[in-house]
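Enquirer: Listed below are the residues making up each chain.
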Amino acid sequence: MTTTGPPPGSSGVGAPGREATPPRTPHGYTHVRALDGRGALVFSVAVLVVFAYVAYELNTSFSSRARLFGNALIVPALVLAALQVVRELRRAQPLSVPPEAVFTASALVWGTAFFAALWAVGLALTIPLFAFVYLRWAAGEAWPKAGVYALLAWLFVEVSFVRLLHVPLPGGAIPLPGIAN
Amino acid sequence: MDVFVGSLFTVLQWPTVGLLLLGVGIGFVVGILPGLGGAVTLALMLPFIYGMDPVPAFAFLLGMHAVVATTGDITSVLFGIPGEGTAVATIFDGHPMAQRGEAGRALGAVLFSSLVGAVIGAAVLALSVPIMRPLVLSFGPPEFFMLAMLGITFVVALSGGNLVRGFLMAFVGFIVAMVGLDPFTGRPRFAFGQLYLWDGLSIIPVILGLFAIPETLQLMSTKGSIAQGATGPIVRVLDGVVDTIRHWSVTLRCSLIGVFIGIIPGMGGATAQFIAYAHAQQTSKTPKEFGKGSIEGVLAAGSVNNSKEGGAIIPTVAFGVPGSTAMAILLGAFLILGLVPGPDMLTKHLDVTFAMVWIIVLSNFVAVGLSFLLLRQLVSITFVKGSWLVPFLLVLMTMGAYTTHNDVLDIVVMLAFGAVGWGAIRFGWPRAPFLLAFVLGPTAERYLFLSHQLYEWGFLLRPITLALIAVAVLGIGYSVRRERQDRRAARQPTGAAA
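Just so you know, the protein sequences line up as chains A and B, in that order.
Counted from 1, the first sequence has number 76 at position 76 by my numbering; the numbering is strictly sequential.
Counted from 1, the second sequence has number 1465 at position 465 by my numbering; the numbering is strictly sequential.
Read the hints as simulated data drawn from the structure, not as lab findings.
Don't be surprised by glycine CBs; every beta carbon is placed ideally from N, CA and C.
Treat the hints with caution; some may be incorrect.
[Claimed, not checked] Partial selection, computed: residues in chain B whose CB lies under 8 Å from chain A: (1) Thr1185; (2) Arg1189; (3) Gly1193; (4) Leu1389; (5) His1452; (6) Leu1454; (7) Tyr1455.
Excised from the complex, chain A in its bound form (with noise of 0.2 Å):
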């Protein structure tokens, strides 16, 4: 498998010539390299911070009683947390990306656009109208495809959330009369 992760927005299977001459344009791989890099420094570092966080809460904040398991982890957890930002600031090369964790810029946009539609609108209306669009111009379905498709998942939510099993959909922050928020 490749050792080097393509670009966002890229098919995600890199071709085996590319990876010997990597382009170095803004989006190339020699680009996306060095962001990774820099990733991962700033995921250590998070992580180095929130020990730190929590080694001053149980120190300051709880009793003896509730800080025991607490200081037990945390002295081991900072110990190897600074180790590993110490790993990243001395890592010679560039991070590679595992196939599974190239994700293209269109899943990412695509995704926010569900989870932002559910908090505008709520559930109700954001499960057949996002199966449409997304059926429709991502995965380049045929309209009535895409149409059939989003109505059988408004069924299914209807059918089984909320007819079924009673369960209240997360509704939406716009109020939409009608809609059952």
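Use these hints to put chain B onto chain A, whose structure you have.
Expert: Relative to the frame of chain A, chain B by itself:
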């Protein structure tokens, strides 16, 4: 014995048997479709067990989980693409057999050996109960605390990847488990003034975020279906069944390898299949045929796949120490159902433990029987595009998280842990130690508190505790040595090239 037989009738009662069939049906599809893992589906289905009794809930969850590996073998044989990570070894010989027109025979062998493996795994689980009971009952809080630590150490040390990052993820999991009211003083910890956090973080939004969100994004990134054109005729399936019986020794030995590797936390199915495959090759009279379409290779991979499940349930049920991501999620199901793994599961709730044995056996009989009957139709599932599943998965994820408290904040928690899960995959931090530590955190804290109350820090010097510490140190030592060897091996070609 009465409890053992009685639990069979409990499983066969309605609606338990219906839920088992539903779980098997879902497991079927999940096993065949790559990109949708068994552990993720287990997490997605977890919210549906609220309000259920333990046996129907396990019939649904375990029935689903028990057959995922079985049907995962089908795509390995036909397309050379594993439906599950545990079905990789099936490709080595199953796919070459399919390419030379023996797909039916390979499928018959892999499905029937999977069934035999599942039955052997379940039998060992049932037989282990009388052996485990006195052992578990002799354990006190210090031993249970050390067992929890040992389980996490093994998962970090043996599951591959970086040791330091594995331990760090476990520490993060423990700290996240501390969020909420302190069980001993009733004071909020890391709640940031939010009433929502007083109850602690629920397991469902955390699991869905860590596992389901990254996998759904992955599915959105790879849009195609796995089937690449028509498959050849699937005939002579029964020949594979006859092969399984003819090579019973390979099937039996590899099933037992699966059981014992399943018991060891952290080893998991991905490792078990290669150990069993290597064993079958070493003991075969025709080792050179392995990799070119050997029926023994197919049987080794098939039998180990399901036998490990029976083994993996033993430490989960008896000690509350899950050995894999799927078992950690199953442990989450125990907590949702109000069951405490450990001595109670071998005494007061013995019927539930034995019901789990029957669920594994029955679900595999149903799955393999249906596979033989509907093999041709099952193959058509592989033509379903990944993009068709995306809206459906997003609904299940959202509703799964939301129904925890009917609170939008549950969805926010899921998204936050989705970001953690994405970062973990992206930067090579393993997620399993986090999940195990998060699930085991409250139990470990309780046992540490009790041990400290009873013996101060002297509890670390008790004989069994010392032995468990020694085993943990050995596990870490083994992993450190392996990491060094891997690093040396990685440096060698570079040096040679220079």
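Enquirer: Please go over all the hints and tell whether each is borne out by the structure.
Expert: Against the structure, the hints come out as follows:
1. Thr1185: This hint holds: threonine 1185(B) lies near chain A, its Cβ roughly 5 Å from the closest one there, short of 8 Å.
2. Arg1189: OK, holds: arginine 1189(B) within 8 Å of chain A, min 6 Å.
3. Gly1193: violated, 13 Å
4. Leu1389: violated, 11 Å
5. His1452: At 6 Å from the nearest chain A Cβ, histidine 1452(B) passes the 8 Å test, so the hint holds.
6. Leu1454: violated, 13 Å
7. Tyr1455: violated, 13 Å
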